[in-house]
Each structure stands twice: as C-alpha cells, then as structure tokens.
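Residues per chain are reported as follows:
There are 2 protein chains.
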Amino acid sequence: MDEIARIAMIARVLAPGRGEAERVEGIEVAIGDDAAVLLAPGGGHGAARPARPARMVWTIDEQVEGVHFRRELATWRDVGWRSFQAAASDVAAMGAKAWCALSALVLPDSVDDAALEEIVSGQADAATAVGARIVGGNLSRGSGFSIATTLLGVCDRAVTRAGAKPGDGLWMAGQVGLAACGLRALESGRAIGPDIMPAVDAWRRPVALVNVGLAMAGVASAAVDVSDGLARDVGSLAEASGVKAALDASELLSDPALVKSAAAMGLEALDLALYGGEDYALIAASPVPIAGFRRIGGIEAGSGLVLRTRAGDSSVLVRGFDHFGK
Amino acid sequence: MDEIARIAMIARVLAPGRGEAERVEGIEVAIGDDAAVLLAPGGGHGAARPARPARMVWTIDEQVEGVHFRRELATWRDVGWRSFQAAASDVAAMGAKAWCALSALVLPDSVDDAALEEIVSGQADAATAVGARIVGGNLSRGSGFSIATTLLGVCDRAVTRAGAKPGDGLWMAGQVGLAACGLRALESGRAIGPDIMPAVDAWRRPVALVNVGLAMAGVASAAVDVSDGLARDVGSLAEASGVKAALDASELLSDPALVKSAAAMGLEALDLALYGGEDYALIAASPVPIAGFRRIGGIEAGSGLVLRTRAGDSSVLVRGFDHFGK
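So the protein lines, in turn, are chains A and B.
Position 260 of the first sequence, counting from 1, maps to 260 under our numbering, and the rest follow consecutively.
If you count the second sequence from 1, you need to add 326 to reach our numbering.
Think of the hints as simulated: they come from the structure by calculation, not from any bench.
Just so we're clear, the structure is a prediction, and the values are computed from it rather than from any experiment.
Where is the CB? At the ideal position from N, CA and C, for every residue including glycine.
Careful: at least some of the hints might be erroneous.
Residues from chain A shown here face chain B by an in silico Cβ test under 7 angstroms; the list is partial [stated by the list, open to error]: (1) I4; (2) I27; (3) L39; (4) P41; (5) D61; (6) L214.
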C-alpha cells in the first residue's frame, strides 16, 4: 500500500465502534486533516459546556534522519528548528494559534550532550518564533535519530481541508519550490552563491506561517499547508472538498527568488513549485482576499487539479512526497 | 550525561525566557512530572475563563524496537497495545481521565501492511480499554521501528509527584516486578509454565490503571506510575516532594503471583519488585486509604528511599531503567 492507502486503512481500524463513539466526547475532526480538532473541556468536560466552546487543534509530526534530513546538510540547531516548524505548520493550516508542544527524541550514541543541547535550542528558538512553549517530552535511546513533535493550538473555529466551493479563489501565503531547490543545491555539494542562498535558507530555516494563518479565521472555506508539494497538498484540499482546483502557472512563476535559484541550479521553476515540499506555505480557498495571501488560482466545479497556462489547460499529476510509494 | 542530567539540561534550555512566559498562558506544570498540566482554554483562551477551569494532562511516550521491545518476544498486536498503555499510564498517574491520542509511527520496510494493521489494532484495543480514542497521527519511513504516542487526559486537579507530606501513607494499585520477570522468562527461551504465565502476560499486555487512578482525585497528595522500577519512581516522588519514602519489604513480597514466578525463574522477588519496570502500577501518597490501593509504606521527614525489613532499615539504591546511563 502507498501512504494514502495506509492512512485509509488506519482510519478504518480506528473508526469508532464497540461503543467508543458514545463514550469519547469532544472530537470534532479526527484522522484525515492537517490536525485533529477537539472541543476544549471548558469548566467540566462534556457537562456544563459554554455555548461556543473554544477549539483545540492537535498534530504530531516526526522527522527521521536519513528520510527528512541528512545530518551533513544541516546543523543540529537547524534540525531542531525544522522539526518544530513542520509541526507548527499543521497548526497554522487550521487557522489556530500555536500554544504548547511536547517532543519525543530518539537518540543514538552518536548524538552527544552538546549536539542534544543544540537540537533542543533549535526547537526552543522555533517555539518562541511561533509564540508557543515546549512543556515536556520523552527521551529514548535508539539506533536511528528522530524527533516527534506534538503541538496544540487554540482557535474558535478550525479551517479544515473540506469546505472549498466553486467560485472561491485559491490564495497562497509564503513561497513554494524554494526549499526543494535549496535541498538540491546542498546535496549537489556546490558552492552556494547569492542566487541560491534564499533557497538554502528556505530549506534550513523554514518558518510556519502561524500568525499569517490567523487571518484565515472567519474568511477561508478550506485550507492546507504545503509540506509534501503544492500539487499533492492542493489536490488533497480539492478531494476533501469535492471540487476542482485550478492553479495559474504565471502566478507560481512570479516569485523572483524561485526563478533565480531554479535558473542557477538548472532546474524547472514550475516543477519545483508544483512538486517541491517543506516550504510550509499556506493555501486557502476563499471568496474574498485574505490579508497576507496572494491569489494563485481558483476553485471550480468538478474534481482534480488543473494548471492554467497561456497555452491552455493541462491536468496536473497529483504526486508529491510519498513515504511508502514505489 | 545520564538521562536525569539530560532532562535537567533540556528543562534549562526550554525554561521561559525572552518574554514567552508572558505570552504563553495556561501552563500549570511543564517538564519534570509524568505529564504536563494545562488549563483548558474554556470559552476564549486566557480571557473569560471560568473560576475553576478544567485541567488537561498531556504526555508523550515512545517505544523503540530493540530498546523497549524485541520483535520476537511479542506479537505486533502486543507491540501496539503496550505502546499505548505506556502513555496511558502517565495520564493515570496524574489522576486524569484518558481522552484522545495521536500516534506517530516510524516504519521500516520489514513492517508490511498486515503487520501495520495488527499494530494499529493493538493500539485501538488499548485505547478502547482505557476509554480513549486515537484521533490522528503521522506515518514515516525509517530504518528502525518506533511508536510515539501522545495522550490528552482531563481532570479537575492533577496529582503531581510533588506534595507528599510526612505522615502520609504510601499506597499502591496494581503489581510490581511481574512484567520484568515475564520479560526475563521470554528472553530465556524456556517453556512458559502456569507459574510464569501471569508474569509473561503482565509484560505482553500491561494495563494502565486509568480508572483506578481517578480514585486519587481529592485524596492523594502526590502520585507516580511505575514505569522505570519502583525504587526509581518512588525515589522521584520523594525527591519532587522533598521527603523520605519508606517501603515495607513484607508488603512488596505479599503478591503470590510475583513470589511464584520469581521462584520459578530463580530470581529474587524483592529485587524484581524494586527494580523491575513496565508493570504500570500506581503509587500514591495519601493520609487516608484510597479505593483500589493497598499500603506499601509511608512518607517521613528527610530525603531518599529506605526499605523496612524485620532485620532493620536499609537505604535503597535508586536505580532503574536509564536510557543513557552507563
């Protein structure tokens, strides 16, 4: 099974049954979105709940050495920073304020005390940058290094992937394709010139757009963050909403930093924009503009994902980073 | 550094500074207890909070193949079950009701789809057993198999490790030493006879005492679960409370299942009781009895941990499972 099929299988196994649905209260969104959505247990869980309880969004992300990063391409502090921002981006994608986090580290012997302090410092820097605090965690020995980060956010209403409507615009905050270009540059071992430096920074030090995401509240009909590539993540929004998404190629190529770094690396900027992940841009569907977002396409009746170019439309292959794909 | 020193270093790096303390509200207990304690963001985070907001307790635990389990000693379903119960026990130790969980799996190629379904089924069984539901998670590829489980619980007031007072009794729910004896039996490869079977079951299928733990609310002055061994975990309670804990050896040897299985394996029952982990017993300090708990000692002025025997007192070495100790 590929990753999507595995997640569908897991959702089936974990679906309420045998009476849990009745017993476990306060679950608004479970598996399948950027984060779970819970009703805050305000003043007595389940009982005397206020008319409009606060929502909590809750995510876990894990970064594994050799899969999500190679140690020689980033400092330990970068590794800590990146792992935290990856989780924070899921909270941003729900339109929630980042609140608290826990982190579970698996440490091989090769991670010494000084390295551990750098990793944790990177996590702390990232938490501070998004206004959150790390309040606990777990340490374990293991042969491979990994960081799992779980983050709680708070909002009045969470913006899920489902809800985009034909006629909505498709809006983006942040950049796409740059981090993938930066990773390719680091992997190539070449000298990093000024045209490529912004791309390398985008990969080493991504910033989850938590504060920008708050502007979606009450406006966006659906949202997703770009972690696995624009095509795949917008494709998942379209699928969850039961609509077609159309991306405007010229808008994707309007980022000078992407165009310059792609040219310096001899790569196709459009390919990077569609399939490069880990920039943590935010994508929202909305009938009206959103502060901090620019329009990159629109929502239509139908299904799937199309790319609008001056030459005409072409349907886009919804591929991206798949942990278990062949 | 050993594990305790590493956690102290991490707590120092993550301590509020640079203004976060002011910005991040609702944190009652951070690093250093069985779980973090948060004030539920009831009806408007921070603003119009009710006079007695609900508390949430929040933990993350990670089980790593080759460290916490060897695949040949347990079924995949056991592995899923055990990983969930380990996290649930932290919630039980705070006197909270288990609510929702997320799980992050790192899967090597050797874990096929059928194995994954068994693992998730074991997690789901365990969640149902403690009245919780798994509402999301993360899948990643990796060379080593691991499961990180993060669990939220709800309570009116969390029972922390700090707060035990001289004169309190030391009370225990559940058993100690049995799981360690069962693991030794499995590792020995010997045939499992009826005297050893309860010990093997204790290791393969531990049950977090979440419902029993609810009886501590409003009664216990401090509590901890036994994951790393009674001596180490009671030692941590004594240290956090600034008191001395005294264990009664005869009470620790009053469990016939432990005595029989230890004898069958040729092991010292007292040694297993003091230093064996992963049974997930609950230990509470309380001036009065607690339903479901039996007395195993008391709290006195002073510091450290002593063992009371008919022959006299002996101070107990506070050792136990240390991930990074030499």
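We went through each hint and held it up to the structure:
1. I4: violated, 10 angstroms
2. I27: Nearest chain B Cβ about 6 angstroms off; hint holds.
3. L39: With a minimum Cβ separation of about 10 angstroms from chain B (threshold 7 angstroms), the hint on L39/A is violated.
4. P41: holds, 4 angstroms
5. D61: holds, 6 angstroms
6. L214: This interface hint is violated because 12 angstroms lies over the 7 angstroms limit.
Comparing the model with each numbered hint stated earlier shows that hints 1, 3 and 6 do not hold.
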